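Peer 1: Take a look at the letters that make up each chain.
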Amino acid sequence: MSIPEIMKTMDYGPAPESAADALAWLVDRGDRFGHFIGGAYSEPRDCFESRNPATGEVLALVSQGSEGDVDAAVAAARRAQPRWARRSGHERARYLYALARLIQKNARLFAVLETLDNGKPIRESRDIDIPLVIRHFYYHAGMAQLMEAELPDAEPLGVCGQIIPWNFPLLMLAWKIAPAIAMGNTVVLKPAEYTSLTALLFAQICQEAGLPRGVVNIVTGDGRTGEAIVNHPDIDKIAFTGSTAVGRRIREATAGSGKALTLELGGKSPYIVFDDADIDSAIEGLVDAIWFNQGQVCCAGSRLLVQEGIADRFHARLKRRMAGLRIGNPLDKCIDVGAVVDPVQLKTITEMVEKGGGEGEVFQAGQIPNRGCFYPPTLITGLEPASFLMQEEIFGPVLVSTTFRTPAEAVELANNTRYGLAASLWSENINLALDVAPKLAAGVVWVNATNLFDAAAGFGGVRESGFGREGGWEGLRAYTRPKTPTKVLKPLLPHTRPEETDVEGLDRTAKLYIGGRQARPDGGYSRPVWSPRGKLLGHASLANRKDVRNAVEAAANAKGWATTAGHARAQILYYIAENLSARAEEFADRLHDLTGQHLKSTRTEVETAVSRLFTWAAWADKFDGAAKGVPIRGIALAMNEPVGIIGAFCPDEAPLLGLVSVIGPAMAMGNRVVAVASEPFPLAATDFYQVLETSDVPAGVVNILTGSHAELAPHLAGHMNVDAVWSFSSSDLSALIERESIGNLKRTWVNNARTRDWLSPAGEGREFLAHATEVKTVWVPYGE
Amino acid sequence: MQRTQQDTVSARLPQVQDARNPGMALELDWVASVQANTSAIERRATTLPGRRSVKKDHQAAWLLKAVSLIDLTTLSGDDTPGRVRRLCAKARQPVRPDLLEALGVQSLSTGAVCVYHEMVPVAVEALEGSGIPVAAVSTGFPAGLSPFKLRIAEIEESVKAGAREIDIVISRRHVLTGNWRALYDEVRAFREACGDAHMKTILATGELATLRNVARASLVCMMAGADFIKTSTGKEPVNATLPVSLVMIRALRDYGERTGYRIGYKPAGGISRARDALTYLTLIKDELGRRWLEPDLFRFGASSLLGDIERQIEHHVTGRYSAGWRHAMG
Numbered sequence: 001m002s003i004p005e006i007m008k009t010m011d012y013g014p015a016p017e018s019a020a021d022a023l024a025w026l027v028d029r030g031d032r033f034g035h036f037i038g039g040a041y042s043e044p045r046d047c048f049e050s051r052n053p054a055t056g057e058v059l060a061l062v063s064q065g066s067e068g069d070v071d072a073a074v075a076a077a078r079r080a081q082p083r084w085a086r087r088s089g090h091e092r093a094r095y096l097y098a099l100a101r102l103i104q105k106n107a108r109l110f111a112v113l114e115t116l117d118n119g120k121p122i123r124e125s126r127d128i129d130i131p132l133v134i135r136h137f138y139y140h141a142g143m144a145q146l147m148e149a150e151l152p153d154a155e156p157l158g159v160c161g162q163i164i165p166w167n168f169p170l171l172m173l174a175w176k177i178a179p180a181i182a183m184g185n186t187v188v189l190k191p192a193e194y195t196s197l198t199a200l201l202f203a204q205i206c207q208e209a210g211l212p213r214g215v216v217n218i219v220t221g222d223g224r225t226g227e228a229i230v231n232h233p234d235i236d237k238i239a240f241t242g243s244t245a246v247g248r249r250i251r252e253a254t255a256g257s258g259k260a261l262t263l264e265l266g267g268k269s270p271y272i273v274f275d276d277a278d279i280d281s282a283i284e285g286l287v288d289a290i291w292f293n294q295g296q297v298c299c300a301g302s303r304l305l306v307q308e309g310i311a312d313r314f315h316a317r318l319k320r321r322m323a324g325l326r327i328g329n330p331l332d333k334c335i336d337v338g339a340v341v342d343p344v345q346l347k348t349i350t351e352m353v354e355k356g357g358g359e360g361e362v363f364q365a366g367q368i369p370n371r372g373c374f375y376p377p378t379l380i381t382g383l384e385p386a387s388f389l390m391q392e393e394i395f396g397p398v399l400v401s402t403t404f405r406t407p408a409e410a411v412e413l414a415n416n417t418r419y420g421l422a423a424s425l426w427s428e429n430i431n432l433a434l435d436v437a438p439k440l441a442a443g444v445v446w447v448n449a450t451n452l453f454d455a456a457a458g459f460g461g462v463r464e465s466g467f468g469r470e471g472g473w474e475g476l477r478a479y480t481r482p483k484t485p486t487k488v489l490k491p492l493l494p495h496t497r498p499e500e501t502d503v504e505g506l507d508r509t510a511k512l513y514i515g516g517r518q519a520r521p522d523g524g525y526s527r528p529v530w531s532p533r534g535k536l537l538g539h540a541s542l543a544n545r546k547d548v549r550n551a552v553e554a555a556a557n558a559k560g561w562a563t564t565a566g567h568a569r570a571q572i573l574y575y576i577a578e579n580l581s582a583r584a585e586e587f588a589d590r591l592h593d594l595t596g597q598h599l600k601s602t603r604t605e606v607e608t609a610v611s612r613l614f615t616w617a618a619w620a621d622k623f624d625g626a627a628k629g630v631p632i633r634g635i636a637l638a639m640n641e642p643v644g645i646i647g648a649f650c651p652d653e654a655p656l657l658g659l660v661s662v663i664g665p666a667m668a669m670g671n672r673v674v675a676v677a678s679e680p681f682p683l684a685a686t687d688f689y690q691v692l693e694t695s696d697v698p699a700g701v702v703n704i705l706t707g708s709h710a711e712l713a714p715h716l717a718g719h720m721n722v723d724a725v726w727s728f729s730s731s732d733l734s735a736l737i738e739r740e741s742i743g744n745l746k747r748t749w750v751n752n753a754r755t756r757d758w759l760s761p762a763g764e765g766r767e768f769l770a771h772a773t774e775v776k777t778v779w780v781p782y783g784e
Numbered sequence: 001m002q003r004t005q006q007d008t009v010s011a012r013l014p015q016v017q018d019a020r021n022p023g024m025a026l027e028l029d030w031v032a033s034v035q036a037n038t039s040a041i042e043r044r045a046t047t048l049p050g051r052r053s054v055k056k057d058h059q060a061a062w063l064l065k066a067v068s069l070i071d072l073t074t075l076s077g078d079d080t081p082g083r084v085r086r087l088c089a090k091a092r093q094p095v096r097p098d099l100l101e102a103l104g105v106q107s108l109s110t111g112a113v114c115v116y117h118e119m120v121p122v123a124v125e126a127l128e129g130s131g132i133p134v135a136a137v138s139t140g141f142p143a144g145l146s147p148f149k150l151r152i153a154e155i156e157e158s159v160k161a162g163a164r165e166i167d168i169v170i171s172r173r174h175v176l177t178g179n180w181r182a183l184y185d186e187v188r189a190f191r192e193a194c195g196d197a198h199m200k201t202i203l204a205t206g207e208l209a210t211l212r213n214v215a216r217a218s219l220v221c222m223m224a225g226a227d228f229i230k231t232s233t234g235k236e237p238v239n240a241t242l243p244v245s246l247v248m249i250r251a252l253r254d255y256g257e258r259t260g261y262r263i264g265y266k267p268a269g270g271i272s273r274a275r276d277a278l279t280y281l282t283l284i285k286d287e288l289g290r291r292w293l294e295p296d297l298f299r300f301g302a303s304s305l306l307g308d309i310e311r312q313i314e315h316h317v318t319g320r321y322s323a324g325w326r327h328a329m330g
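Heads up: the sequence lines are chains H and V, in that order. Per the working numbering, the first sequence starts with residue 1, numbered consecutively. Per the working numbering, the second sequence starts with residue 1, numbered consecutively.
Looking at chain H on its own, in the form it has when it is part of the complex (with noise of 0.2 Å):
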């Protein structure tokens, strides 16, 4: 076209960034890549293709990764790991520092790279995504350098498994490796196979940062490596982002194996516009939100729901929006929309829209490029939350669109779904975008942004969007453990029917105590209680599902607890400790006659109840949140929220302590409980709940069972109403509990059969906070 022609065109050209470093590097490495292992490329072997989705062009040869292949990279890690957590902080961080100048000094191939690899426009992995993994790994130095000082009582897991996706290749081996090599661990990640490249060049940038041997292993393959990893016995940690339905299949997977996981999975994220909203900036941040990385993005705010008086407006405008959206080569640097990172991702969303599109209208503009991987930008308006594709993650450049009438309306749709990973909400009335966030379950809302990403800013999901975060103080804990020192734990049973009983007084049955009230069982059932002369105590209710169906629904009516005041539920805990405390020899009496302790034990016991007690009534109004040092002008807060209904089994040795330090944490931050009590030494529990009765607890704020943890584990840890499972059973529930939590990806917390000290502060303190807890980060940027 000549300059004249193109004065009246106005078109943009070509701009195409230059793949020849990048190419050539490919070459310099020979196209073909083994793994890393013990700081060395292996040779190539059982090699597939990775392609570029832009043009369907062979980049490289990469090793598909065998178990026997994971196996020497678990090896390696093994071996190094005990090194690399005794060196000190500061050694720790220079690496990691190194890592991140490195990364910046190569930062342009690392990009180039990256968009070569995955599809996704230049100018994303060029000003996004390598400028966060810089950011990542210099945050991650800076914890390295202060684990000592400000987390003396944490220790690396040991080995950790990773597993990552292909929508963020880099940043996700970032945000894994960073914080677990900056806390002593070492680490086997594996990249998702079609996106293994930057992976690969970033072992390279390990070798030049001198980084120990071993220390951090790159296994590349398919999901048949990833289950090698999973399922391998020498590792102590598993780290995933993916799919729902792999996470899914990864908790069963480890159930009962004591490795801990983290999971960061899809979303279907809300994406909230209030009637009062910037509209044009709104608009804005939807191609952020949705067009940003083809929508390939878990945390992408793919349901659109906008106040119905201004939907029309809002939906001509977006469309208008969308026409200008510029889809083609990656490497333009002049490109909005890349490639769809594989064709079988292209179908999907293909066939995604197929099927569900023609419940509402659907809206696609744009040129899409003949050849290569490319799905136009589309938006499906006129649907109902009962649409399937209201509910279901695309995972593509697809954005559904609601409408609703009222705040109270938005979050209620907002909230209809099986995740919460992020939501965005657009309102320029303070008062309004700080009353809704909190109310959105979700981990991560920003108000009046988009995709707003830091490493200081933790990251993650509620419901089955996972649970973990990732970045932040908050993520570290995915990364160390509690250094107490543990035993195993034996099963406890009750004492059993001698044979000579001696029954005296009053025929006294326990019943259960469920939305603050006592209940008789379900089915009909108690057992006798034992003390271990022989004396018969009384009889304990037998809870069957239905009482456990009971009690989540009690405790699920009770979500005023949420929302009162940390006072309010100090003053609460208190009381219930002055009450225990009036009543303080009468338990002692009881735990003597269940248990057969001496008293002065049994006293003690109730002494550090009426003490834990204290402790969480001080905690209830004194966990804060964080404002986070994030890189814009605003703020990121980091909010504690309950984590929702807890399920708990109680400590079966402890049967007072353990109860109260069971429901203390939950209470303190605002959640419900279903607590089963011990399983021998039921008694105290169903006498604690006159307490419980006296005390001004609000009704179904704490339930109590009675029965056989085992049978009904399976009950709560599958009820799709409860959030999370601890179980400090003497019973070893854990596998039983872990697998069953899959259902709706409820948090778990279980012992594994090994013992806690409740009467030491490992009974009490900041493990139960957290775990008693969500981070949601709410992002607040401002300005005039």
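Check before you lean on any hint, since a few could be wrong.
Claimed, not checked - Computed list of lysine-lysine pairs in PhoX-like fashion (alpha-carbon distance at most 25 Å, straight line): (1) V:K55 - H:K8; (2) H:K8 - V:K160; (3) V:K90 - H:K8; (4) H:K511 - H:K483; (5) V:K56 - H:K333; (6) V:K55 - H:K333; (7) H:K628 - H:K439.
Claimed, not checked - Computed far set for chain H versus chain V, every beta-carbon distance over 10 Å: (8) R45; (9) T55; (10) R83; (11) R94; (12) L102; (13) K105; (14) R135; (15) A260; (16) G285; (17) E359; (18) Q364; (19) P482; (20) V488; (21) L537; (22) D687.
Unchecked claim - Short, incomplete list of chain V residues facing chain H, as computed with Cβ under 10 Å: (23) S39; (24) R44; (25) S53; (26) K285.
Because the hints were derived from the structure by calculation, they are not lab data. Here the structure is a predicted model, which is why all the values come from computation and not from measurement. Even for Gly, the Cβ is constructed at its ideal location relative to N, Cα and C.
Place chain V on chain H using the hints.
Peer 2: Here is chain V on its own, set in the frame of chain H:
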């Protein structure tokens, strides 16, 4: 009486193709509903240069287009007829003929020449036959605080002297006190005084404190009949910026959507590099569309921008970096 495009043929500038904005009654509900979220607008503005890139021949063409959109300006106390004639000569031939020839472009002139009232006759004479309009800054430019009667008279005098575009300044105090009625009435009166001359309303955004004020003031000026909305006088501490531009062009897009009239946009002051000009053109193209990249709907108010563009053009033609003295002074 409202003047519209139908009034006279001379109501059209050489470049004008559309009906003039007749204005409308002041709609305070609409004004009050306008929002501008500063941080989101800044994010859009900050990332824009990274989202669009124009290279090689396209870049050269875009830069030549930018030249055709410049209001070549001198607004100094020491302006003389000689200085203004020199500027007008530059407006007729803004880029060296050999460079234009190398690029296959036959002729090129700037969008207008912009001067103070006293220099209007000189400029009109110097530009005669070129089709380049003369724009006069008016209404007590830059502060706009002279007696209202005199401000009206100043417009009339400039129009009489041959200015076909009048760049008026608004009373910032009306915006800062939220007195939209007063602002509307003022601009409406200016528009009446302009007659067939086109009116650019200078908001002096650097003195309006907030982007929301900028958005609302833009809207009121358009309701009052502005042909163009313009950021700055060049004399405020902060002149044209991308966030302000985004707010103003969104406002004029909104106005156009509801009334059907296209309004022009003129960022002024602080745009001095070729790269900045490209960013502005991409902003306009992306937010408003290709149609706005014409002198009847878009102008740069700039004095030093042309020099940088000329050097870039020479670099494009020769492959060698250029020097300022190789290009004729304006």
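Peer 1: Now tell me, hint by hint, if it's right for this structure.
Peer 2: Quick rundown of the hints versus the structure:
1. In summary, the hint linking K55 (chain V) to K8 (chain H) is supported, as the alpha carbons are separated by about 16 Å, within the 25 Å threshold.
2. Distance check on the hinted pair: K8 (chain H) and K160 (chain V) sit about 35 Å apart at the alpha-carbon level, beyond 25 Å; violated.
3. Between the alpha carbons of K90 (chain V) and K8 (chain H) the distance comes to roughly 23 Å, so the proposed pair stays at or under 25 Å and holds.
4. A hinted pair counts as satisfied when its Cα atoms are at most 25 Å apart, and K511 (chain H) with K483 (chain H) does not qualify at roughly 39 Å.
5. At roughly 13 Å between alpha-carbon atoms, K56 (chain V) and K333 (chain H) fall within 25 Å of each other, so this suggested pair holds.
6. Distance restraint check for K55 (chain V) and K333 (chain H): the Cα-Cα separation of roughly 10 Å lies within the 25 Å cut-off, and the hinted pair is therefore satisfied.
7. Restraint check for K628 (chain H) and K439 (chain H): the C-alpha separation of about 20 Å stays at or below 25 Å, so the hint holds.
8. Every Cβ of chain V is farther than 10 Å from the Cβ of R45 (chain H); the closest lies at roughly 41 Å, confirming the non-interface assignment.
9. With a minimum CB-CB distance of about 20 Å to chain V, T55 (chain H) clears the 10 Å threshold, and the non-interface call stands.
10. For R83 (chain H), the condition that its CB be more than 10 Å from all CB atoms of chain V holds, with the nearest at approximately 43 Å.
11. Every CB of chain V lies more than 10 Å from the CB of R94 (chain H), the least distance being 32 Å, so the non-interface label holds.
12. A cut-off of 10 Å between C-beta atoms confirms that L102 (chain H) is not in contact with chain V; the least separation is 24 Å.
13. No beta-carbon of chain V is positioned within 10 Å of the beta-carbon of K105 (chain H); the least distance is around 21 Å.
14. No beta-carbon of chain V comes within 10 Å of the beta-carbon of R135 (chain H); the shortest separation is about 17 Å.
15. Distance check on A260 (chain H): its Cβ is at least 37 Å (rounded) from any Cβ of chain V, clearing the 10 Å threshold; non-interface status holds.
16. For G285 (chain H), the requirement that its beta carbon stay farther than 10 Å from each beta carbon of chain V is not met, with the minimum near 6 Å.
17. With a closest Cβ-Cβ approach of about 29 Å to chain V, E359 (chain H) is found to remain outside the 10 Å limit, as its non-interface label requires.
18. The claim that Q364 (chain H) lies off the interface holds: its Cβ sits roughly 19 Å from the closest Cβ of chain V, which is beyond the 10 Å cut-off.
19. P482 (chain H), annotated as away from the interface, keeps every beta carbon of chain V farther than 10 Å; the closest lies near 40 Å.
20. Listed as outside the interface, V488 (chain H) is consistent with that label: its C-beta sits roughly 55 Å from the nearest C-beta of chain V, beyond the 10 Å cut-off.
21. Even its closest Cβ contact with chain V, about 65 Å, leaves L537 (chain H) beyond 10 Å, as expected for a residue assigned away from the interface.
22. In this structure D687 (chain H) is separated from chain V by more than 10 Å, as the shortest Cβ-Cβ distance comes to about 57 Å.
23. Against a cut-off of 10 Å between C-beta atoms, the interface hint on S39 (chain V) holds, since the closest Cβ of chain H lies about 4 Å away.
24. A least Cβ separation of about 5 Å between R44 (chain V) and chain H falls short of the 10 Å threshold, and the interface hint therefore holds.
25. The beta carbon of S53 (chain V) comes within 4 Å of a beta carbon in chain H, closer than 10 Å, and the hint placing it at the interface holds.
26. A hinted interface residue such as K285 (chain V) counts as satisfied when its beta carbon comes closer than 10 Å to some beta carbon of chain H; here the least separation is about 6 Å, so the hint holds.
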